[in-house]
Amino acid sequence: MDHPFILIRRELHKIPELGFQEWKTQSYILDYLNTLSSERIEVMKWKTGLFVRILGKEGKRTVGYRSDIDGLPIVEQTDLSFSSNHTGQMHACGHDFHMSIALGVLSYFVDHPINDHLVFIFQPAEEGPGGALPMLESDEMKRLNIDVMMALHIAPELKVGEIGTKEGLLFANTSELFIDLLGKGGHAAYPHQTKDMVVAASSLVSNLQTVVSRNIDPLDSAVLTIGKLTAGTVQNVIAENARLEGTIRTLDPETMERIKSRIESIVKGVEWQFDCQASIDYGSNYYQVYNDPKTTEHFIQWAENKDTLKFVHSKEAMTGEDFGYMLKSIPGFMFWLGVDSPFGLHNGQLNPKEDAIPFAIDTITEYIEFMQTDE
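The numbering of the sequence shown is numbering that gives the first Met the number 0, which starts it at 0 and goes up by one.
Among the hints, a few may not be true.
Restricting the straight-line Cα-Cα distance to at most 25 angstroms, the calculated cross-link-like pairs of lysine-lysine (DSS-like) are [what the hints assert, rightly or not]:
| id | residue 1 | residue 2 |
| --- | --- | --- |
| 1 | 352 | 158 |
| 2 | 327 | 259 |
| 3 | 141 | 46 |
| 4 | 259 | 227 |
| 5 | 56 | 141 |
| 6 | 293 | 59 |
| 7 | 158 | 314 |
| 8 | 267 | 227 |
| 9 | 293 | 327 |
| 10 | 141 | 44 |
Since the hints were derived computationally from the structure, they do not count as laboratory data.
Fair warning: this is a prediction, and the values are worked out from it, not measured in the lab.
Based on the sequences and whatever the hints tell you, model everything.
Here's what the structure looks like:
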């Protein structure tokens with residue numbers, strides 16, 4: 000018989016929903032919570048997310064555990080019997096795993112009280128436009144007075160039974176980037192009467208490649224990628240509009256500001272050069288995931304002495320996660336959970352191994368219980 004939280008993962012996998020649209024997901028979690036003993040559980044809705052507090056025996060400390068709940072606008076290509084029921088949407092970043100694991104840990108502590116209060120945060124919109132910061136700033140979050148935070152993220156490249164993290168910087172600062180250009184369209188036979196935004200956009204893409212290579216210290220790390228360029232309507236009409244979509248990633252918040260300043264200067268130059276108008280939108284911005292050294296060291300030392308898992312010392316990555324906002328305000332850490340998939344995150348063929356779910360539930364519950372010995 001399949002593990003109960005593997006079955007829950009499959010049900011959640013069927014109903015991926017985009018940021019701040021996770022109504023079915025919220026309802027599913029609430030329905031599950033209603034099956035548990037309610038004596039020590041307090042549930043608070045927040046938009047499409049949830050705060051779930053489990054009262055401890057003493058409550059001198061409150062431990063927070065966060066799971067993101069949204070899906071991605073990706074067409075699923077797994078052919079699983081429990082594939083997405085929502086066309087063009089998929090849990091392609093493991094948030095179905097994250098939720099089922101969180102529910103497993105939560106369920107354990109409902110039946111096995113500890114001294115600490117526990118708060119489980121089911122956070123919407125991690126993939127965008129960003130749910131962590133507004134949730135952090137909410138009145139509900141402030142009332143909970145969380146002392147330490149933790150979370151995990153699936154890692155397709157690690158084997159089941161492996162976990163990894165590091166003290167300090169784990170994930171990068173990230174920002175979306177959208178640039179719109181407006182010129183003057185017209186017939187392809189009369190280019191002198193137009194302002195061609197295909198040419199302007201092409202020049203802009205080339206110039207943006209110099210931002211990192213010629214403005215950022217080679218010993219620093221940064222990425223500026225333009226992943227999408229759209230312009231024009233038909234082959235014999237000169238394009239009046241163009242739109243560039245990309246991402247910026249840095250290991251230092253100051254480097255992020257430096258890159259944005261340089262982008263703005265280059266875009267102004269394109270406006271002058273091609274006699275057009277331009278606008279920049281940075282979309283969702285995520286603060287770096289910076290693991291608190293003290294709490295992370297405590298977790299690493301515990302993990303390295305466990306014979307039920309293999310601990311891997313991670314390197315910082317250019318991936319982004321809005322959990323960084325929570326760690327900016329509350330000491331804690333995030334770690335990678337091995338799921339052994341040949342396909343990576345945000346891939347329509349991502350198929351993590353489900354054995355990682357009961358392993359993660361056991362690992363987290365054991366660590367939280369271990370935390371009770373050093374209060």
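Do the hints match the structure? See the list:
Restraint check for residue 352 and residue 158: satisfied, since their Cα atoms lie roughly 9 angstroms apart, inside the 25 angstroms limit. Annotation: proposed proximity of residue 327 to residue 259 holds, straight-line Cα distance about 22 angstroms (limit 25 angstroms). Proximity of residue 141 to residue 46 is assessed by CA-CA distance (about 16 angstroms); at most 25 angstroms being required, the pair is judged to hold. As the CA atoms of residue 259 and residue 227 are separated by approximately 18 angstroms, the hinted pair is consistent with the 25 angstroms bound.
A C-alpha spacing of about 21 angstroms is found between residue 56 and residue 141, which places the hinted pair at or below 25 angstroms, so the restraint holds. A C-alpha spacing of about 19 angstroms is found between residue 293 and residue 59, which places the hinted pair at or below 25 angstroms, so the restraint holds. This hinted pair checks out: residue 158 and residue 314 have alpha carbons roughly 16 angstroms apart, not beyond 25 angstroms. Simply put, residue 267 and residue 227 have alpha-carbon atoms about 20 angstroms apart, close enough for the 25 angstroms limit, and the pair holds.
For the hint linking residue 293 to residue 327, the alpha-carbon distance of about 14 angstroms falls within 25 angstroms, and the restraint holds. For the proposed pair residue 141 and residue 44, the alpha carbon gap of about 14 angstroms is at most 25 angstroms, so the pair holds.
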